[in-house]
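Q: What follows is the residue order along each chain.
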Amino acid sequence: MTPLAKLLEAALFASAVPVPVDALRAMATHADDGETTLESALEELRSHYDIDGHGVELIEVAGGWQILTRPEYTEAIERAQLAARPQRLSAAALETLAIIAYRQPIGRAEIEEIRGVGAGAILKSLHERGLIDITGRGEGLGRPLLYGTTPSFLEQFALRHLEELPRADELAIALRAPRQATPTSAPAIKDNGEAPPRAD
Amino acid sequence: MDDVRAGIADLGVAQTATSEVFVVELAEFSGPLDLLLSLIRDEQIDIYDIPIARIAEQFLARISTLKLDEAADYLEMAARLVRIKAQMLLPRREGEDVWEDPRAELVRRLLEYQQVREVVDVLERRSEERRGRFARAYSQQTIQLPVAGPLRISLPELLSAVDRVLRLARKPHVHDVVPRALDVDGAIGIVRALLAIRSHAQWKDVLPRNAEPWEVLSVLLALLELAKRGELRLAQPRAFAAFEITRDSPSEAA
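Which chain is which? The protein sequence lines are A and B, in order.
Sequential numbering of the first sequence, starting at 1, is according to the working numbering.
Sequential numbering of the second sequence, starting at 201, is according to the working numbering.
Heads up, some of the hints might be wrong.
Anything over 12 Å on all C-beta distances counts as not near chain A; from chain B, calculated [what the hints assert, rightly or not]: (1) Pro232; (2) Arg262; (3) Ser327; (4) Glu329; (5) Gly332; (6) His373; (7) Pro379; (8) Ala393; (9) Arg433; (10) Pro437.
A partial selection of chain B residues facing chain A, derived with a Cβ cut-off under 8 Å [what the hints assert, rightly or not]: (11) Leu239; (12) Glu312; (13) Phe334.
Which stretches of chain A does chain B cover? Using the computed rule of at least three CB atoms under 8 Å from a CB of chain B, they are [said to hold, decoys possible]: (14) 6-20; (15) 91-99.
By construction, these hints were calculated from the structure, which means they are not laboratory data.
In this text, a Cβ means the ideal position worked out from N, Cα and C, and glycines have one as well.
The task is simple: from the sequences and hints, build the whole structure.
A: Written out as C-alpha cells, the structure is:
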C-alpha cells in the first residue's frame, strides 16, 4: 500500500465515528504524498480490504469514511458479547424521523399534522439518541422549535448524505395517476413541490 | 335458565378476550392514519373511492375498546370520519360539476402518510444494513461498584491517604497579576503642558510613542478628568476616530 493509504487506514482505525472527508483531505495534504491523491488512496484501501479478504471493510457514510466489520461476522461478535447491535426504532419513531428528514427544518405541529398523533415524547427520545437536533425557531405563534437530522442519523441509516433518500416522486405512491376524487395537486412529501433532497 | 346464564358468562369471557386482542393490536398501529390505511388494505378498498360509512363503522369498532385518554388521536379521526360520512349524505344535484368531495382532504392525508410509510421502509432497510456492522467501539471501562456497607478504615489510614493524594496533586498554577498603578496625575501634567503651547491637539499627540496599555488608560482618564474640570473639550468626529482635544480654560470660558 502507498504511505497515504496506510496513514488513512490508521486514522480511520483510530476513530470510532466516520471521519469527515475534509479531515482526511487535510491529513493527505499535510502528509504531502505527491504521488497519491486522497481518492486514489481511499480506493486503494477499499480494494485492499475487498480483494485480499478482510474481516472489515471501508464504507463511505455521513460525508466521511469509516471502517466497519463485515455483516457475516455480526452474529458471532454479538454472541461473544463483544459488541451489541443498537435497538431498533419503533414504527412511530421511524415515521417521525422520515418526516423530519424530508421536511427539515420542521416544527412539532407540522409533524403531528402529518402523522395525526402527538409527537412530543418521540421527538424527545430521537433527540436523546442524537438522531435529530434543534436547528432553530420558526416564524409564527410561539416561535416553535424546528428540528433537523444530524450526521449521526446519516451514520445509523447507512446514508452517505440526505440526497440518498428516494425523491418524493420516486416513491411508488406518487406514480399512481390521481383519479376523480383526488385533490388536483399530486401529493408530495415536500408540500412546495420543490425537489426533495437530492443534488443531481 | 342456567344455560342462558352460562351463555352470557361465556359471552363475557369472549368479549374480554377480544378486547385484550384489540388493545394489543392497536399498539401495533403507530396512529389513526396507520389504522385507517390497514383497514383500507384489509378490505381491498380503492383509496380514491373510500366507502366512508363502512370504514367509519369499522374504525369505530376497532377503537371502541380503547380507553379514552389513550385514544384521543383515534377519536379525533373517528369524529372526522363521521363528519365526512354526514357530508356525503347531503343531497347534491345531478350533473353538478363543482362538487367538492368531502373525502378529498382525507385522501390527501392518507397518500401523504403512505409516502411517509414508504420512506420508513427505506429507513428500516438501511438501518438493518447498518445494524449488521460494527464500528470500532470505545473501550468500555467496567466499573466495579463498591460493596455497600461501612468502610473499615482507621483515621490514620484515612489521613495518610489524603496526604498521599495532596502530595500527588500538583500545585495549581495561578496567574500572577502584577499591580501596575495608573499614572493619571502624570498624564494630566503632560496634557496641560501640551495645551499650554497649543490650543488644539490630537489624541496621538498626548500619547507616548509605543504606549503600554496602562499609559493609554492613564491618558484617557486624564483627558476625561480635565474635560470634567472644564480645562479642555473632547470631540470625536465619528465612531472610532481619534479624539480632538481643544483647550477650554475656565478663564477663557468665563
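Q: Next, verify each hint and record whether it holds.
A: How the hints compare with the structure:
Non-interface status of Pro232/B relative to chain A is broken: a Cβ of that chain comes within 12 Å, the nearest being about 5 Å off. At the 12 Å boundary, the C-beta of Arg262/B stays outside the reach of chain A, the nearest C-beta of that chain being 15 Å off. Some Cβ of chain A comes within 12 Å of the Cβ of Ser327/B; the nearest lies about 5 Å off, and the non-interface call is violated. Residue placement check: Glu329/B does not keep its beta carbon more than 12 Å from all beta carbons of chain A (closest about 5 Å).
Look at Gly332/B: its CB is around 4 Å from the nearest CB on chain A, not clear of 12 Å, so calling it non-interface is violated. Remark: the non-interface label on His373/B is consistent with the geometry, its nearest Cβ contact in chain A lying 31 Å away (cut-off 12 Å). Its beta-carbon lying about 45 Å from the closest one in chain A, Pro379/B satisfies the requirement of being farther than 12 Å from that chain. A cut-off of 12 Å between C-beta atoms confirms that Ala393/B is not in contact with chain A; the least separation is 58 Å.
The beta carbon of Arg433/B sits about 48 Å from the closest Cβ of chain A, which is more than 12 Å, so the claim that it is off the interface holds. With a closest Cβ-Cβ approach of about 41 Å to chain A, Pro437/B is found to remain outside the 12 Å limit, as its non-interface label requires. Interface restraint check for Leu239/B: the shortest CB-CB distance to chain A comes to about 14 Å, outside 8 Å, so the restraint is violated. For Glu312/B, the shortest C-beta to C-beta distance to chain A is roughly 5 Å, which falls under 8 Å, so the interface hint holds.
Nearest Cβ of chain A to the Cβ of Phe334/B: about 5 Å, under the 8 Å cut. The hint holds. A count of 4 residues in the stretch 6-20 of chain A with a Cβ less than 8 Å from any Cβ of chain B is obtained; the coverage claim is therefore met, three being the minimum. Note: the stretch 91-99 of chain A has 7 residues with beta-carbon separation from chain B under 8 Å; the three-residue rule is met and the coverage holds.
Of the numbered hints given earlier, the model fails hints 1, 3, 4, 5 and 11; all others are met.
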